[in-house]
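Undergrad: Chains as they are written, first to last, in the working numbering: chain A, 1 to 119; chain B, 1 to 406.
The hints are simulated quantities; they were obtained by calculation from the structure and are not laboratory data. For clarity, every value in this text was computed on a predicted model and none was experimentally measured. Honestly, I wouldn't trust all of these hints.
No more than 20 Å apart at the CA atoms, straight line, and that leaves these computed lysine to any residue pairs for SDA-like [stated by the list, open to error]: (1) Lys165(B) x Asp90(A); (2) Lys49(A) x Glu120(B); (3) Lys80(B) x Ser17(A); (4) Lys237(B) x Met122(B); (5) Lys119(B) x Leu362(B); (6) Lys80(B) x Asp37(A); (7) Lys80(B) x Lys53(A); (8) Lys274(B) x Ala298(B); (9) Lys11(A) x Arg391(B); (10) Lys18(A) x Met153(B); (11) Lys119(B) x Asn354(B); (12) Lys80(B) x Gly78(A); (13) Lys118(B) x Ser250(B); (14) Lys18(A) x Asn78(B); (15) Lys62(B) x Asp394(B); (16) Lys385(B) x Glu120(B); (17) Lys386(B) x Arg323(B); (18) Lys11(A) x Glu142(B); (19) Lys30(A) x Gln48(B); (20) Lys313(B) x Tyr330(B); (21) Lys351(B) x Leu362(B); (22) Lys375(B) x Pro221(B); (23) Lys53(B) x Lys11(A); (24) Lys32(B) x Asp37(A); (25) Lys32(B) x Asp176(B); (26) Lys118(B) x Leu362(B); (27) Lys53(A) x Leu276(B); (28) Lys30(A) x Arg323(B); (29) Lys385(B) x Arg26(A); (30) Lys118(B) x Lys375(B); (31) Lys53(B) x Gly78(A); (32) Lys80(B) x Gly38(A); (33) Lys300(B) x Asp259(B).
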Amino acid sequence: MMTGLAIENAKTITLDSKNNSYEGPRGLFKIVVDEFDGKVIPSWHIEDKYGEKSRNLGDAQCKSLDTIVGEVGLYMMGRVMTNVYHQALDNVEWTDPKYVNKLIQENKRLKSLVDGAKK
Amino acid sequence: MGKRNSWSIVLAMMFLPAFAFVGYAQESAHYKLPSPSASYVDPPEMPQFLSPKLLPNRHGVKRGLTEGFMIRQSNIQNGKIVIPPGGLIYFTFGGEFFSTLNGEPFAFAGKESIWVDKKEAMAIRRDLTMPPNGPPVPLGEEGTIALAHTFFMETQSGIRRAAFKFVFANGYGTWDASVFIPLDTYSRSQNAIAYSHLQGEGMTTPPPLQLLGDPYNASSPSYVVADGVASEGTKVKEAGALDMIWFKISYEKPVIASDMAAGQSISAGKYQVKVLSVDSNQGTARIALLDSQGNALAEKTLGPLTLETYKAKQLIEYGTMVRPTLFLDYENMRVQLDTKFDDIWSPGPIKLMNEAGDFLPLPQVNEVSTFHGGKVDLVIYKDVKKMELRRPWDEDPRFILQTAYI
């Protein structure tokens, strides 16, 4: 059996604009809600203990903190073989999420090209 | 008044199951995946946290370690963001797939650790009535592997078909199981059912009957036995599936005690490990664990570990009679034989380490290098941590430990 380990929160986590962050196990990661008006979450992100920050994961329609972070599974021949991550990513409707970072980088590159041309 | 009471009972009976399901959904996020509108964080966005790290096992074979987490079933209630129990789930995966006794590395909540052992068992539940598309029913306590009734077909060649799926608490839908229930005791024989179906398909050779006519479905890790169909759903006589009970890890690197001859002892923490006798031909070693005064606390013959043990591919990994013979456990100490194999694609030895320390394909090796000339190689863990699944994590009780079948 392909076992792996997980830890999950035992009790309900409640966040609002005042109490706006939650630290993961051993401070490995942190969930931070930047903006919340009681109805939508326009801005929230995650941080890790290495000082890295994700992009803004919220938007004007965001009504939950549901997220899939990273790619966890059996690492073999330079690839990660996933089961639960595969199903979770398949379940996501908006785009092929595997390429979201590539799209963001490409967008940044094109934007800098356009900005350069304007100057 | 009496009439009103009886009506209220009828109403209560009608709505009771519905309330029960709503209560379940509110209670925990188990058996569910993140919503379709979930965001995704790609490993290159936070490379130090999310990209695979390489760490060697005891024999220097590198394994990839990955970490990450998910948030599921979170929502906004009364102006607050709510993540239900089990909604925030952290995953980690290292070399544990390959072996339990080779000191495979993995990262646990950002800390490097070594996989020492694991215990799996069947979770079994009897007499369930399951409505189609109802909530998954845990086969053991809450958070163990669950059975979900995913599909129901009224008739298929004179029988009813019910499809099930085993679902892990982390949301992963794993093995499928279909069962076939005759409509009544006078329905056609299972052979007739199979044959009529086959004619329609243009086949002449009957397939295994289990696919087409049996009220049970079994594979090595799971099984379902159905009893019949009632108006409220399929009656499951018994269902069982494999689940994890505990795992043992160590944050400290073990003491490698190589070339231990009979009579020799080595100190490990507050204990002494003494080798009483070694039989290289049989592949056994009798060892004793002594306290600081030299009193014997435990004694055991480890082994036999021979080429035959290695040749049965998954014996060390899954042989519940074999693996425990290779180690001695005392409180948080573990003394084990230094198993020296590499399993490249799947659990079980493919290459063995020879005396020179090189890995050779199993057929080319003619001796087990754990034993050599009346000496034995041991591995001693001084501080093994047993972590029971579905129980609070002692280091941070905000979290409970869970299976991450990945």
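Undergrad: Take the hints in turn and mark each one as holding or not.
TA: Comparing the hints with the structure gives:
Pair hint Lys165(B) plus Asp90(A) holds up; C-alpha atoms about 18 Å apart against a cutoff of 20 Å. Annotation: proposed proximity of Lys49(A) to Glu120(B) is violated, straight-line Cα distance about 33 Å (limit 20 Å). For the hint linking Lys80(B) to Ser17(A), the alpha-carbon distance of about 8 Å falls within 20 Å, and the restraint holds. The hinted pair formed by Lys237(B) and Met122(B) meets the criterion: a straight-line CA distance of about 16 Å does not exceed 20 Å.
Taken as a hint, the Lys119(B) and Leu362(B) pair is broken in the structure, with Cα atoms around 27 Å apart against an allowance of 20 Å. Restraint check for Lys80(B) and Asp37(A): satisfied, since their Cα atoms lie roughly 9 Å apart, inside the 20 Å limit. For the proposed pair Lys80(B) and Lys53(A), the alpha carbon gap of about 24 Å is over 20 Å, so the pair is violated. Distance restraint check for Lys274(B) and Ala298(B): the Cα-Cα separation of roughly 11 Å lies within the 20 Å cut-off, and the hinted pair is therefore satisfied.
Simply put, Lys11(A) and Arg391(B) have alpha-carbon atoms about 13 Å apart, close enough for the 20 Å limit, and the pair holds. Of the supplied pair hints, the one linking Lys18(A) and Met153(B) is violated, its CA atoms being roughly 52 Å apart against a limit of 20 Å. Annotation: proposed proximity of Lys119(B) to Asn354(B) is violated, straight-line Cα distance about 30 Å (limit 20 Å). A threshold of 20 Å between alpha carbons decides the hint, and for Lys80(B) with Gly78(A) the separation of about 42 Å lies outside it, so the pair is violated.
At most 20 Å may separate the alpha-carbon atoms for a hinted pair to count; Lys118(B) and Ser250(B) meet this at roughly 12 Å. Proximity of Lys18(A) to Asn78(B) is assessed by CA-CA distance (about 15 Å); at most 20 Å being required, the pair is judged to hold. Between Lys62(B) and Asp394(B) the CA atoms are separated by roughly 30 Å; this puts the pair beyond 20 Å, and the hint is violated. With a C-alpha separation of about 17 Å, the suggested pair Lys385(B) and Glu120(B) falls inside the 20 Å cut-off, and the hint holds.
Proposed proximity of Lys386(B) and Arg323(B) is supported: the alpha carbons are some 17 Å apart, at most 20 Å. Between Lys11(A) and Glu142(B) the CA atoms are separated by roughly 14 Å; this keeps the pair inside 20 Å, and the hint holds. With a C-alpha separation of about 15 Å, the suggested pairing of Lys30(A) with Gln48(B) holds against the 20 Å cut-off. For the hint linking Lys313(B) to Tyr330(B), the alpha-carbon distance of about 28 Å lies beyond 20 Å, and the restraint is violated.
Under the criterion of a C-alpha separation no larger than 20 Å, the hint pairing Lys351(B) with Leu362(B) is consistent with the structure, at around 5 Å. This hinted pair does not check out: Lys375(B) and Pro221(B) have alpha carbons roughly 39 Å apart, beyond 20 Å. Straight-line distance between C-alpha atoms of Lys53(B) and Lys11(A) comes to about 31 Å, which puts the hinted pair past the 20 Å bound. Only pairs whose Cα atoms come within 20 Å are accepted, and Lys32(B) paired with Asp37(A) is rejected, the gap being roughly 27 Å.
With a C-alpha separation of about 17 Å, the suggested pairing of Lys32(B) with Asp176(B) holds against the 20 Å cut-off. Between Lys118(B) and Leu362(B), the direct Cα distance comes to roughly 25 Å. Violation of the 20 Å bound is thereby established for this hinted pair. Straight-line distance between C-alpha atoms of Lys53(A) and Leu276(B) comes to about 56 Å, which puts the hinted pair past the 20 Å bound. A distance of roughly 40 Å separates the Cα atoms of Lys30(A) and Arg323(B); the hinted pair therefore is violated under the 20 Å criterion.
Distance check on the hinted pair: Lys385(B) and Arg26(A) sit about 17 Å apart at the alpha-carbon level, within 20 Å; holds. For a cut-off of 20 Å, the pair hint linking Lys118(B) to Lys375(B) is broken: about 28 Å separates their Cα positions. Simply put, Lys53(B) and Gly78(A) have alpha-carbon atoms about 11 Å apart, close enough for the 20 Å limit, and the pair holds. Between Lys80(B) and Gly38(A) the alpha-carbon distance is near 6 Å, which keeps this suggested pair within the 20 Å criterion.
The straight-line distance between the Cα atoms of Lys300(B) and Asp259(B) is roughly 18 Å, inside the 20 Å bound, and the hint therefore holds.
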